[in-house]
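Residue numbers (this note's numbering), protein chains in the order written: chain A, 3 to 191; chain B, 32 to 584.
If you're looking for bench data, these hints aren't it; they were derived computationally from the structure. Any given hint could turn out to be false.
Said to hold, decoys possible - Below, in silico cross-link-like pairs of lysine to aspartate or glutamate (EDC-like), each with a Cα-Cα straight-line distance of 16 Å or less:
1. B:K222 to B:E193
2. B:K336 to A:E89
3. A:K114 to B:D480
4. A:K29 to A:E71
5. A:K97 to A:D174
6. B:K496 to A:D82
7. B:K336 to A:E79
8. B:K558 to B:D523
9. A:K95 to A:D158
10. B:K222 to B:E349
11. A:K136 to A:D174
12. B:K429 to B:D474
13. A:K123 to A:E88
14. B:K52 to B:D114
15. B:K155 to B:D419
16. B:K336 to A:E88
17. A:K35 to B:D313
18. B:K91 to B:D73
19. A:K97 to A:D163
20. A:K95 to A:E71
21. B:K336 to A:D134
Quick caveat, the model's predicted, so the values are computed rather than measured.
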Amino acid sequence: MAWPAEDRRATAVPKDGEPPLLTDEMKKELTEKYFPRYPTRRAVLLPALHMLQHHHGWIPMRALAEVGEFLGISPAEVLDTASFYEEYWLKPKGKYLIQVCRSLACEIYGSKRVTEQIKKKLNVECGETTRDGKFTLVELECLGSCGTAPAMLINDVLFEDLTPQKINQVLDGLPEDAHKFRDPTVDWQ
Amino acid sequence: MTPEELSKIATIEQEEQQQHKHVIQVCVAAGCLSSHSDQVKDALDKEVSKRGLENTCHVKGVGCLGLCAAGPLVRVQPTAKPDAAVMYQAVTANDAADIVSSLEGPPVKRLVCPTNVPFFTRQKKIVLENSGIIDPDRIEEYIAVNGYAGLLQVVSTMRPSEVIDEVMRSGLRGRGGAGFSTGLKWSTVAKGRGSTKYVICNADEGDPGAFMDRSVLESDPHRVLEGMAIAAYAVGASQGYIYVRAEYPLAVKRLKAAIRQAERAGLLGNNIFGITFNFSIDIRLGAGAFVCGEETALIASIEGKRGTPRPRPPYPAESGLWGCPTLINNVETFANVPPIIRNGSAWFAGIGTEKSKGTKVFALAGRVTNTGLIEVPMGIPLREIVYDIGGGIPDGKKLKAVQTGGPSGGCIPEQHLDMPVDYESLAKVGSIMGSGGMIIMDDTSCMVDVAKFFMEFCRSESCGKCVPCRVGTAQMHDLLCRITDGSGTADDLTLLIELCDVLRATSLCGLGQTAPNPVLTTLQFFKHEYDAHIQKKTCPAGSCTIHAPAEVI
Ligand SMILES: Cc1cc2nc3c(=O)[nH]c(=O)nc-3n(C[C@H](O)[C@H](O)[C@H](O)COP(=O)(O)O)c2cc1C
Ligand code: FES
């Protein structure tokens, strides 16, 4: 016999008295900018997740539930989708996300040494965050900078032709406040 | 926008450009930017205004000039004599004064980058014709070099079916990997049921070693928009999406700016050129999954789902985004469309080989002297790419293999270097054209290790939906690990070959079906390296760390 299950898709997520992570401004932007362009609300899920991550640095479980509620998708389905994509952080990450390319062209030019140097300097392993919450180190696939390998991204800024020495220079030069660290050549609106 | 307005913009822009005696082009694509070409540009700007030359000398940022390894690149071009342009390499902000001083005299010798060398002379630029020439952030400059003239021609003088015929006759084939006929794909979508259709530009460039699409988007974004708009007119779509990797922030920024400009100019949006043709384009950011480059997975991702492929047929051309007929082409495919329309299909079909028309952009990387972006006619011998254009192997090393097609491709050995580069010839040696990554390896690279490397990539990028790919890539990776660390046996090799067959025949999508290619080609051409690891427990290239097998200890 089938157990009658309550359809919880429309039930509100308990907010624990905290302000919502999916803010009213975000909802407004999603409604005005994104909904008209897509035939379904679900299609807006990835942009919404990008938005949350951009804002909070990562995507807490509660935010997933809020997005689900907003888009009319069950929280489990939101989690299912969000956890599929490497780009989304479902646990907190450091203020600086260091992503070193591990693909072939960079490997040929010594990306391993670069990663080792970062690990040593920051005392972390790949996939880990430093204790002070400042840095997270990961490896990822080709950044499309193979002509000037090895390459890495720190947040949105690309660094190329890396050497262990250059790593020290770059890491030491990062400002304490990660918001001040922006690619001067890219204007983000 | 009316046709008159378009030509007026072009004329005004051309006249303005003529007023300057010199133009200094500074590459501001990602490669040169990361070596601070923005500072070079600022320094040049300051120097020019310090000397009061603003009216005669124009400093502008342009897209990729090709030779990324020698960046930052700067090109000084006298307006009256474009052929007399001088290219400078490895320029720093401190060189600005010397460069500006040299405008009326001989060039700054210590910085000159010779352009009469094969790297530049052997190339044929169609897709990259504007790269390094125009400022990607200004639509006027694109219009001044005949931009959007193809779209105008199409909507004002051609019926959709005529556009498709023209593309069909050009012989253009998809540049995203498989090389499917673009005209045929367009006609399938055009014949598709229903009035809602979509056009998608696949800019999820994920093959390791490939950066052509990124460069096209960063250097000449309007070309891609125009190509998409022409396609939309031909197939009857009114909404387009560009699915681009989030790891390409600069490309995303340029695309966003380009879309805004085109909308403002009335080249995208409603009633383009005053006829009832509406087409808007939106950008969708990827989220770091390689498999989303596969067309059905990409569609799922746009729909807001996990990016997993589904069985085909039905092909997206019949039933794609939200079940509607959907045209998916690669960035470079779209970038080829405007010149085909402007110059005619016969012109395009006259370039390349019998079955592979036009040019192909390759990203040269690895152990080759000139790393960077090149565009060559189809059918050019591989040797010419490596030795003439690429400048050969540095440090007196010997070439071992050329890897094309990334994790779906293969390693081509020295003995096949004289083969022409086209879809069929590459397939014949077990590799594929792929999206255009070309990684050159010298004798310090171990071929078994390379195979393992790509298998690791496939293993971690496998979406997990079908068993052969999910489990097979993991098993093959384990086997390759054993072989490279010296504990592999002859049976392991047999099993490896068996698994190659299984994955090829039974995987759901191209990822699993082609994952064996790097293993198969290295086995075919470099079997002795596998044997050395298994039987002699040595790595001929000296790059694997061999652990003595357990029984010996
Ligand atoms: C695993 C996998 C990854 C792919 N990645 C890309 C990609 O990054 N870019 C691309 O244009 N095509 C990619 N493709 C090919 C697409 O599925 C599709 O064939 C292509 O976008 C069609 O465009 P075209 O006809 O212009 O080549 C990939 C295919 C597979 C199986
Ligand atoms: S291989 Fe590292 S950027 Fe392409």
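Outcome of the hint check:
With a C-alpha separation of about 14 Å, the suggested pair K222 of chain B and E193 of chain B falls inside the 16 Å cut-off, and the hint holds. At most 16 Å may separate the alpha-carbon atoms for a hinted pair to count; K336 of chain B and E89 of chain A meet this at roughly 14 Å. The straight-line distance between the Cα atoms of K114 of chain A and D480 of chain B is roughly 14 Å, inside the 16 Å bound, and the hint therefore holds. Only pairs whose Cα atoms come within 16 Å are accepted, and K29 of chain A paired with E71 of chain A is accepted, the gap being roughly 11 Å.
A threshold of 16 Å between alpha carbons decides the hint, and for K97 of chain A with D174 of chain A the separation of about 15 Å falls inside it, so the pair holds. Pair hint K496 of chain B plus D82 of chain A holds up; C-alpha atoms about 13 Å apart against a cutoff of 16 Å. Among the hinted pairs, K336 of chain B with E79 of chain A is consistent with the structure: their alpha-carbon atoms are about 9 Å apart, no more than 16 Å. Among the hinted pairs, K558 of chain B with D523 of chain B is consistent with the structure: their alpha-carbon atoms are about 14 Å apart, no more than 16 Å.
Between K95 of chain A and D158 of chain A, the direct Cα distance comes to roughly 15 Å. Compliance with the 16 Å bound is thereby established for this hinted pair. As the CA atoms of K222 of chain B and E349 of chain B are separated by approximately 9 Å, the hinted pair is consistent with the 16 Å bound. As the CA atoms of K136 of chain A and D174 of chain A are separated by approximately 13 Å, the hinted pair is consistent with the 16 Å bound. At roughly 6 Å between alpha-carbon atoms, K429 of chain B and D474 of chain B fall within 16 Å of each other, so this suggested pair holds.
The hinted pair formed by K123 of chain A and E88 of chain A fails the criterion: a straight-line CA distance of about 25 Å is larger than 16 Å. Taking the CA atoms of K52 of chain B and D114 of chain B, the gap is near 14 Å; set against the 16 Å cutoff, the hint holds. The suggested pairing of K155 of chain B with D419 of chain B holds, with an alpha-carbon distance near 14 Å, which does not exceed 16 Å. With a C-alpha separation of about 14 Å, the suggested pairing of K336 of chain B with E88 of chain A holds against the 16 Å cut-off.
Pair hint K35 of chain A plus D313 of chain B holds up; C-alpha atoms about 11 Å apart against a cutoff of 16 Å. A threshold of 16 Å between alpha carbons decides the hint, and for K91 of chain B with D73 of chain B the separation of about 10 Å falls inside it, so the pair holds. About 24 Å separates the Cα atoms of K97 of chain A and D163 of chain A, which puts this hinted pair outside 16 Å; it is violated. At roughly 25 Å between alpha-carbon atoms, K95 of chain A and E71 of chain A are farther apart than 16 Å, so this suggested pair is violated.
Distance check on the hinted pair: K336 of chain B and D134 of chain A sit about 35 Å apart at the alpha-carbon level, beyond 16 Å; violated.
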